[in-house]
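Engineer: Which chain is which? The protein sequence lines are Z and V, in order.
Under this note's numbering, the first residue of the first sequence is numbered 1, with each subsequent residue one higher.
Under this note's numbering, the first residue of the second sequence is numbered 654, with each subsequent residue one higher.
There may be inaccurate statements among the hints.
Unchecked claim - Computed spacing ranges between beta-carbons, pair by pair: (1) Z:613 <-> V:782: 33 to 39 angstroms; (2) Z:297 <-> V:720: 31 to 37 angstroms; (3) V:799 <-> Z:538: 45 to 51 angstroms; (4) Z:646 <-> V:782: 31 to 37 angstroms; (5) Z:469 <-> V:705: 47 to 53 angstroms; (6) V:705 <-> Z:432: 58 to 64 angstroms.
Derived by calculation from the structure, the hints in this document are not laboratory data.
The C-beta atom is built at its ideal place from N, Cα and C for all residues, glycine as well.
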Amino acid sequence: MKQISKLIILTLMVSVGLFLSSCGQGGSNGGALKSSAAEKVFVAPGKWDSHYAFISGGFSGQLSVYGLPSGRLFKVIPVFSVDAEKAWGFNEETKPMLMTSHGFIPWDDSHHPDISQTNGELDGRWVFINANNTPRIARISLETFETEEIIEIPNSAGNHSSSFVTENTEYVVAGTRFSIPIPQRDMPISEYKGNFKAALSFIKVDQKTGHMEIDFQVLMPGFDYDLSHPGRGKSHGWFFFSTYNTEEANTLLEVNASQNDKDFIAAINWKKAQEYIKAGKFKTMPAKYTHNLYSDDTHSAVSETKKSVRVLDASKLPGLVYLMPTPKSPHGCDVDPTGEYIVGSGKLSASLTVHSFTKMLKAIEEKNFDGDAYGIPILKFEATLAGTVQQPGLGPLHTEFDNKGYAYTTFFISSEVVKWKLGTWEVVDRKPTYYSVGHLMIPGGNSRKPFGKYLVAMNKITKDRYLPTGPEVCQSAQLYDISGDKMELLLDFPTVGEPHYAAGIPAELVTKRSKKFFKLEDNEHPHAVKSEAETKVVRKGREVHIYMTTIRSHFAPDNIEGIKVGDKVYFHVTNLEQDYDVPHGIAIIGANTSELLIMPGQTETFVWEPKQPGVWPFYCTDFCSALHQEMQGYVRVSPRNSNVKLSWSLDGE
Amino acid sequence: MYIGSALILSLFILPLWNITLEAPQYPEPLGLDIHINGLQDGNNPNDVKNIDLLNHYIGMKNLPKDMLEFDIFPIVIIVMSLLGFIAALTGKRKLFLTWVILMIILGTAGIYDFYIWLYDYGHNLDPNAILKFLDENGNPMAYQPPVIGTKKLLNFTVHSYPASGAFVLALSMIFAFWAYIKAGKEKE
Numbered sequence: 001m002k003q004i005s006k007l008i009i010l011t012l013m014v015s016v017g018l019f020l021s022s023c024g025q026g027g028s029n030g031g032a033l034k035s036s037a038a039e040k041v042f043v044a045p046g047k048w049d050s051h052y053a054f055i056s057g058g059f060s061g062q063l064s065v066y067g068l069p070s071g072r073l074f075k076v077i078p079v080f081s082v083d084a085e086k087a088w089g090f091n092e093e094t095k096p097m098l099m100t101s102h103g104f105i106p107w108d109d110s111h112h113p114d115i116s117q118t119n120g121e122l123d124g125r126w127v128f129i130n131a132n133n134t135p136r137i138a139r140i141s142l143e144t145f146e147t148e149e150i151i152e153i154p155n156s157a158g159n160h161s162s163s164f165v166t167e168n169t170e171y172v173v174a175g176t177r178f179s180i181p182i183p184q185r186d187m188p189i190s191e192y193k194g195n196f197k198a199a200l201s202f203i204k205v206d207q208k209t210g211h212m213e214i215d216f217q218v219l220m221p222g223f224d225y226d227l228s229h230p231g232r233g234k235s236h237g238w239f240f241f242s243t244y245n246t247e248e249a250n251t252l253l254e255v256n257a258s259q260n261d262k263d264f265i266a267a268i269n270w271k272k273a274q275e276y277i278k279a280g281k282f283k284t285m286p287a288k289y290t291h292n293l294y295s296d297d298t299h300s301a302v303s304e305t306k307k308s309v310r311v312l313d314a315s316k317l318p319g320l321v322y323l324m325p326t327p328k329s330p331h332g333c334d335v336d337p338t339g340e341y342i343v344g345s346g347k348l349s350a351s352l353t354v355h356s357f358t359k360m361l362k363a364i365e366e367k368n369f370d371g372d373a374y375g376i377p378i379l380k381f382e383a384t385l386a387g388t389v390q391q392p393g394l395g396p397l398h399t400e401f402d403n404k405g406y407a408y409t410t411f412f413i414s415s416e417v418v419k420w421k422l423g424t425w426e427v428v429d430r431k432p433t434y435y436s437v438g439h440l441m442i443p444g445g446n447s448r449k450p451f452g453k454y455l456v457a458m459n460k461i462t463k464d465r466y467l468p469t470g471p472e473v474c475q476s477a478q479l480y481d482i483s484g485d486k487m488e489l490l491l492d493f494p495t496v497g498e499p500h501y502a503a504g505i506p507a508e509l510v511t512k513r514s515k516k517f518f519k520l521e522d523n524e525h526p527h528a529v530k531s532e533a534e535t536k537v538v539r540k541g542r543e544v545h546i547y548m549t550t551i552r553s554h555f556a557p558d559n560i561e562g563i564k565v566g567d568k569v570y571f572h573v574t575n576l577e578q579d580y581d582v583p584h585g586i587a588i589i590g591a592n593t594s595e596l597l598i599m600p601g602q603t604e605t606f607v608w609e610p611k612q613p614g615v616w617p618f619y620c621t622d623f624c625s626a627l628h629q630e631m632q633g634y635v636r637v638s639p640r641n642s643n644v645k646l647s648w649s650l651d652g653e
Numbered sequence: 654m655y656i657g658s659a660l661i662l663s664l665f666i667l668p669l670w671n672i673t674l675e676a677p678q679y680p681e682p683l684g685l686d687i688h689i690n691g692l693q694d695g696n697n698p699n700d701v702k703n704i705d706l707l708n709h710y711i712g713m714k715n716l717p718k719d720m721l722e723f724d725i726f727p728i729v730i731i732v733m734s735l736l737g738f739i740a741a742l743t744g745k746r747k748l749f750l751t752w753v754i755l756m757i758i759l760g761t762a763g764i765y766d767f768y769i770w771l772y773d774y775g776h777n778l779d780p781n782a783i784l785k786f787l788d789e790n791g792n793p794m795a796y797q798p799p800v801i802g803t804k805k806l807l808n809f810t811v812h813s814y815p816a817s818g819a820f821v822l823a824l825s826m827i828f829a830f831w832a833y834i835k836a837g838k839e840k841e
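Let's have the full structure, built from the sequences with the hints guiding it.
Structural biologist: The structure is reproduced here in structure tokens:
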């Protein structure tokens with residue numbers, strides 16, 4: 001009997017032991033279940049996230065603002081695509097922002113946001129982002145979280161290796177993906193090789209105003225320029241671009257551009273370029289491109305057409321560019337926080353190639369060349385090689401860095417993030433992503449001072465990760481805690497459009513600058529009215545200009561008569577409020593445009609062309625106050641031949 | 654005595670009284686600073702404008718830009734300061750006491766005047782007000798802030814307390830009274 005009970009106890013202990021160990025197994029697979037992942041991403045109601053993440057909208061053309069670690073969406077900043085919610089590209093003030101040399105374009109594909117830097121550290125002044133399709137760079141103010149400036153890039157096509165800043169934001173750099181005839185001309189596509197060229201643009205940034213101006217373009221051989229990053233610290237003054245299609249194929253690139261064993265990372269000495277500019281070694285080329293600037297004083301944008309650009313020919317100017325052979329169509333081209341290592345992610349290669357900046361300088365000094373490409377010296381592969389991360393995964397794309405000497409690389413094909421050590425090149429951890437990760441972002445991970453707490457992986461495929469929403473499923477990002485030895489998946493969160501790349505920053509570097517409202521007294525909009533006494537309606541032939549104000553909870557004027565069918569009616573609306581978070585909106589029945597959403601102290605304009613006689617209501621579209629529903633008015637529209645006099649009133653006065 | 658007379662001149666800079674309005678929608682409360690020569694934004698720029706904007710819903714008048722008091726108070730302060738200096742120059746003990754008593758009387762009158770204004774501000778409402786509330790007794794609700802203390806008015810909690818200027822005023826009277834006592838002891 002005793003024996004039997006002993007046996008039973010033993011059996012029980014073994015099975016309990018097995019059960020516990022299987023729980024442990026499940027836990028380590030399940031990540032979030034095992035630890036306090038929920039606690040780590042929980043931001044209590046009313047509390048603030050510790051970081052901002054600016055995540056590109058990809059084919060939405062916008063830039064969205066998230067909080068980390070919660071993954072909550074705060075705002076979608078309209079940049080390259082029209083946004084009816086905020087009247088971006090619909091009101092008269094912002095239409096010029098979307099002007100290009102090809103006319104008004106309501107959309108683009110936004111890829112790589114980058115935050116301005118001072119001394120190689122994030123400074124929270126501006127975010128830059130590129131339009132990929134019709135090449136442009138936008139600057140977004142982190143005071144207003146609005147797009148302030150968009151500059152078009154001439155001689156460029158598929159503006160992909162953009163928009164990355166140098167360590168004092170001297171330049172924001174934009175490289176072309178496609179090579180094209182420069183200047184554009186009618187010629188057979190089959191004559192690509194040797195005839196098509198590429199332009200890499202260095203855009204100077206005014207340190208006070210942020211205003212951008214193309215300083216010069218470097219004219220390069222007809223490869224595809226994929227991504228780029230600035231040198232920093234010791235390599236400040238250099239800029240590195242990854243290339244593919246060094247075969248110069250013009251058709252079926254998936255095969256024909258994948259033949260060379262090695263493509264290049266191009267190292268551009270932009271300090272040398274400045275010397276050549278000073279010495280007058282540039283060519284001024286005719287080029288048509290727009291420069292659009294929005295002002296918070298006039299609350300309006302102006303679009304200007306530029307006529308020329310300065311070009312430096314890399315083939316003819318010695319010391320300007322060197323090519324570092326890098327295996328198999330490198331995609332990401334990332335520079336570590338010290339500026340010593342340049343990581344090339346050969347996306348068709350089984351290993352990662354890391355170049356040394358110090359060795360590169362030595363190779364240049366010793367003229368350790370392996371021939372040239374169109375007159376540009378090719379450095380010997382072994383001469384610049386710092387090391388190789390062997391067999392880390394399949395399809396390496398991008399690398400970012402923490403502040404402890406580790407690098408994190410995404411692998412698209414094997415769908416994972418791999419952590420490895422700089423210098424020893426050993427892999428120390430890997431975590432799956434769901435699924436097929438593209439870029440990753442560590443706040444400050446592309447600067448001298450990374451904040452190595454969080455890592456955001458941005459995926460290309462989500463499949464079954466969320467509730468299904470028909471054939472088009474949501475796009476997604478994933479948050480990892482990287483503060484420990486091993487990475488830990490904390491959170492999945494959906495994104496707006498395709499998240500190509502993101503820029504993150506500790507919140508306190510931004511919050512103190514954030515504007516609460518615009519001062520009415522500083523409003524220099526040509527159609528602003530600053531009190532109800534100044535409101536009026538003015539007829540100029542068939543144009544009627546209504547100078548209107550809003551304040552809780554009425555429009556002034558709110559009864560308008562004497563408008564005729566065929567008139568073009570401009571509503572110039574000034575929000576007289578001077579308090580935080582009291583915008584007013586306005587919309588009128590039948591207007592072929594969006595509402596206006598007017599911040600306190602701001603003036604915006606929309607156009608209405610009434611098509612039939614009647615009395616047509618307008619109302620406030622933003623729930624502004626307890627009497628919001630009473631905030632409304634009427635416009636009387638009479639037939640063309642009517643003689644109803646132009647009049648306007650509020651409360652009969 | 655000199656110190657007391659000089660101190661009260663700081664009232665041209667420091668606010669006498671402060672009224673603060675707290676509500677859930679105003680994580681940063683609205684503030685109203687009462688100076689001897691006018692009303693100023695208490696917490697953030699545009700507070701006076703924004704208080705008026707809210708008060709128009711319940712039919713309260715706009716906060717006054719000009720009031721007879723804002724002309725009289727500065728004169729009173731200058732005169733009192735001068736009198737204080739003269740008293741100090743003469744060194745007459747009785748004058749010190751007279752100055753303190755006069756100051757107390759004027760101060761009390763000032764607070765009474767403040768109460769009268771608050772009463773009118775809270776009770777004299779526009780008959781066409783957008784929102785009309787009744788109190789428990791069925792009478793039109795009044796929105797009179799307290800002279801001193803905290804009171805709940807609709808969605809706002811209103812705090813009304815003396816501000817730095819009032820404390821400086823009290824300090825000046827203490828100095829003057831102290832001068833009076835000290836002068837008495839020296840006499841003995």
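Engineer: Taking the hints in turn, state whether each one holds.
Structural biologist: These are the hints, each one checked on the structure:
The beta-carbon spacing between residue 613 (chain Z) and residue 782 (chain V), approximately 38 angstroms, falls within the hinted interval of 33 to 39 angstroms. At roughly 36 angstroms, the beta-carbon separation of residue 297 (chain Z) and residue 720 (chain V) lies within the given 31 to 37 angstroms, and the hint holds. Between residue 799 (chain V) and residue 538 (chain Z), the C-beta spacing of about 50 angstroms keeps the proposed range 45 to 51 angstroms intact. About 33 angstroms separates the C-beta atoms of residue 646 (chain Z) and residue 782 (chain V), a value consistent with the hinted range of 31 to 37 angstroms.
At roughly 48 angstroms, the beta-carbon separation of residue 469 (chain Z) and residue 705 (chain V) lies within the given 47 to 53 angstroms, and the hint holds. In this structure the hint that residue 705 (chain V) and residue 432 (chain Z) lie 58 to 64 angstroms apart at CB holds, the actual value being about 60 angstroms.
Every hint, counting from the list given before, is met by this structure.
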